[in-house]
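> Sequence:
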Amino acid sequence: MQLGLTLPLRPAQTTTSLVTNIAAFNGSQYVQDFSQDMRINWKGLVKGLSEELDLVSKLSGVPREQMDKYASRLVVEPGGRKSFVVAGQYLSNRQFARGRLRVCPKCIMEDKTRFGDFGPYTRVYWHVSSIRTCPEHQVALLELPAAEFPRDIHDTFGRIRDHWSLIEAATRCLEFRKPSSFERYQIQRLDGQKSGNLLDELPFEIVAKTSEMLGLVCAFGPQKAFSTASDAELADAGRLGFEALRKGKQGIEAALSGVQSRSVGFRSGHYTDFCHFARWLDRRTHDERYDPIREIYRNFVFRNYPIGQGEIVLGKPCPQRHLHSFATIAKEFDIDPFRLKNLLWGFGFGQGKRTRALSSCEIGYFPAAESEAKIREMLDVVDRVEAARHLNINRSLFDRLRKIGVIQPAATFEGLKGLYQPEHLDEVLAHFLDRAEPIDDLVGTQMDIGVACNKAKVTIEQVIPMIFDGRLKWLGKRRSIDGLAALAVDLEEILDLFEGPPLQGYTKQELKRLLRVNDPTITLLIQEEYIRAQKTRHPRSRRPMSVVPHEAYDAFLKRYVTLGILAHQIGTQAKHVSSRLEKLSIDPIQMAPRFSKIYEREKLDGLIERDRWTSGPPLQMEGC
Numbered sequence: 007m008q009l010g011l012t013l014p015l016r017p018a019q020t021t022t023s024l025v026t027n028i029a030a031f032n033g034s035q036y037v038q039d040f041s042q043d044m045r046i047n048w049k050g051l052v053k054g055l056s057e058e059l060d061l062v063s064k065l066s067g068v069p070r071e072q073m074d075k076y077a078s079r080l081v082v083e084p085g086g087r088k089s090f091v092v093a094g095q096y097l098s099n100r101q102f103a104r105g106r107l108r109v110c111p112k113c114i115m116e117d118k119t120r121f122g123d124f125g126p127y128t129r130v131y132w133h134v135s136s137i138r139t140c141p142e143h144q145v146a147l148l149e150l151p152a153a154e155f156p157r158d159i160h161d162t163f164g165r166i167r168d169h170w171s172l173i174e175a176a177t178r179c180l181e182f183r184k185p186s187s188f189e190r191y192q193i194q195r196l197d198g199q200k201s202g203n204l205l206d207e208l209p210f211e212i213v214a215k216t217s218e219m220l221g222l223v224c225a226f227g228p229q230k231a232f233s234t235a236s237d238a239e240l241a242d243a244g245r246l247g248f249e250a251l252r253k254g255k256q257g258i259e260a261a262l263s264g265v266q267s268r269s270v271g272f273r274s275g276h277y278t279d280f281c282h283f284a285r286w287l288d289r290r291t292h293d294e295r296y297d298p299i300r301e302i303y304r305n306f307v308f309r310n311y312p313i314g315q316g317e318i319v320l321g322k323p324c325p326q327r328h329l330h331s332f333a334t335i336a337k338e339f340d341i342d343p344f345r346l347k348n349l350l351w352g353f354g355f356g357q358g359k360r361t362r363a364l365s366s367c368e369i370g371y372f373p374a375a376e377s378e379a380k381i382r383e384m385l386d387v388v389d390r391v392e393a394a395r396h397l398n399i400n401r402s403l404f405d406r407l408r409k410i411g412v413i414q415p416a417a418t419f420e421g422l423k424g425l426y427q428p429e430h431l432d433e434v435l436a437h438f439l440d441r442a443e444p445i446d447d448l449v450g451t452q453m454d455i456g457v458a459c460n461k462a463k464v465t466i467e468q469v470i471p472m473i474f475d476g477r478l479k480w481l482g483k484r485r486s487i488d489g490l491a492a493l494a495v496d497l498e499e500i501l502d503l504f505e506g507p508p509l510q511g512y513t514k515q516e517l518k519r520l521l522r523v524n525d526p527t528i529t530l531l532i533q534e535e536y537i538r539a540q541k542t543r544h545p546r547s548r549r550p551m552s553v554v555p556h557e558a559y560d561a562f563l564k565r566y567v568t569l570g571i572l573a574h575q576i577g578t579q580a581k582h583v584s585s586r587l588e589k590l591s592i593d594p595i596q597m598a599p600r601f602s603k604i605y606e607r608e609k610l611d612g613l614i615e616r617d618r619w620t621s622g623p624p625l626q627m628e629g630c
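Once you know that position 415 of the sequence shown is 421 in the working numbering, the rest is easy, because the numbers rise by one and skip nothing.
The hints are simulated quantities; they were obtained by calculation from the structure and are not laboratory data. For glycine and all other residues, C-beta sits at the position ideal for the given N, C-alpha and C. Hints should not be assumed to be uniformly reliable.
Said to hold, decoys possible - When the alpha-carbon atoms are kept at most 25 Å apart in a straight line, the in silico SDA-like pairs for lysine to any residue are as follows:
#1 Lys88 - Pro209
#2 Lys253 - Leu240
#3 Lys337 - Glu383
#4 Lys409 - Pro428
As the list claims (entries may be wrong) - Label-pair restraints from in silico Cβ distances:
#5 Pro323 - Leu180: 34 to 42 Å
#6 Val457 - Lys609: 50 to 58 Å
#7 Glu376 - Glu142: 34 to 42 Å
#8 Gln596 - Arg477: 35 to 43 Å
#9 Asp74 - Ser267: 47 to 55 Å
#10 Asp593 - Val457: 50 to 58 Å
#11 Leu11 - Glu57: 51 to 59 Å
Using the sequences and the hints given, assemble the complete structure.
This is the structure:
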């Protein structure tokens with residue numbers, strides 16, 4: 007039989023909320039008293055028992071199908087987990103927090119205005135803990151104080167009426183906040199709408215809780231606990247986490263990467279970096295509904311942390327190691343820690359700026375397969391000193407051969423000259439010695455490569471490539487000496503190979519002959535820049551020398567003439583020419599007596615024509 011005083015079911019109103027409104031409308035102060043009078047099993051109704059819903063439908067006149075839309079029904083899932091089914095969605099006691107009453111003050115006030123004193127009612131969304139904002143008025147939900155006996159925690163209208171003054175006061179200082187996409191998604195899902203997103207395939211509670219927990223570590227760091235976060239912080243966390251979650255696996259991994267990039271140190275493990283989020287997932291290992299989220303997180307950890315094969319993460323073993331840390335790779339190889347650090351740094355596995363005393367923290371994480379392969383290559387290597395001894399050459403020559411690429415280091419690092427593989431050093435020896443002719447002693451122009459280079463004034467860097475490409479025809483090796491020190495070459499062949507183009511100009515000896523002066527005079531003329539000379543090398547001996555360009559020689563003769571040239575030109579002895587010029591008061595340029603005499607041409611103009619004197623005392627008078 008339908009009650010005389012009843013109320014309609016409002017949009018998104020739960021069945022228990024409807025009963026509390028009807029109870030008050032019929033004059034009952036407490037819903038338990040009304041339920042007892044109407045023979046309604048109030049606790050059964052709270053659990054969503056079907057027979058109680060049928061009874062409420064008859065008493066209120068509200069069709070059962072309307073009540074079922076937002077009615078909550080307690081169910082026990084496989085494994086003994088208790089949940090409430092609300093609008094087709096499974097929510098836990100924590101997620102569907104009916105004992106914790108939150109309201110929108112503006113909605114409540116408008117309900118009273120529109121529907122009268124018994125009109126204010128609670129929406130199903132307000133019971134979902136992860137919905138914290140009213141989508142209609144864009145204000146934060148207000149949490150009412152806990153119910154005090156004998157008020158039942160599910161007596162929603164009674165609790166609203168108990169705290170009416172609080173709600174009324176809250177309308178004057180509302181906390182405005184736009185509902186996030188996360189909250190709108192939950193509301194749409196409770197309303198039976200599909201988003202077309204892959205999230206629809208996940209249980210409602212998994213989406214909601216994962217969004218909040220993931221967003222919490224993204225927004226506030228790994229140490230921020232859910233229990234200490236404010237309502238505003240949780241709202242922001244839910245928004246961030248949902249934005250990552252809605253993008254699927256890539257979005258979640260991007261969020262996790264962002265958290266890892268802000269890690270407190272290179273040696274942090276995933277429990278340190280994700281703390282409450284990681285431990286929250288770990289505590290839900292028994293709940294298969296979280297398997298998709300756990301799988302994404304677990305695989306991320308396997309790929310981005312130094313997790314060894316067989317190591318358990320969230321209940322499953324790692325199939326293959328992807329990364330090493332200094333600590334994990336040190337367990338794999340019996341290598342001196344200092345050397346291992348330098349090897350890892352040298353191979354590019356370090357992070358940040360290298361300090362003088364390299365710490366393991368600066369190494370960070372690095373690819374496991376690549377680093378293990380590199381380290382294995384280094385197990386039998388020798389250092390620069392041992393490598394030079396292996397080749398039987400001094401370290402200076404060793405370094406020069408390395409610079410031109412004859413010797414290739416296995417690796418070259420800061421703090422080390424390099425490490426060398428014995429196999430490579432043997433190949434270098436074979437490349438030279440296998441083609442060399444065995445000899446007992448050096449004969450003729452045969453000599454050590456170093457000696458030959460010094461005599462030919464060339465460098466070892468110039469000769470070695472000629473041996474490599476076969477341009478050097480003869481190469482010997484002395485039987486009594488090991489290694490590269492045994493090599494010998496022919497000096498004449500080296501000189502032939504490096505012989506340069508002919509000299510362009512006059513040597514000092516040629517200049518001495520042309521000018522008909524002595525050696526000191528040639529030296530003086532060049533030093534005092536009477537005649538310009540340029541430095542060059544002898545085309546064959548490669549020794550440094552000076553050459554006077556032809557144009558410099560011509561320029562000198564335009565201005566000066568030597569006594570020797572004058573005597574040769576006239577066909578007499580130099581002393582006679584000098585005596586006659588002295589009688590004509592024509593003096594040579596100022597020079598010491600040991601130097602040959604040189605005259606300025608302009609002072610001799612008109613005195614000599616066609617190799618004969620044109621004026622002045624006759625030569626016979628001078629005793630010719």
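> Okay, which hints does this one fail, numbers in order?
5, 7, 8, 11
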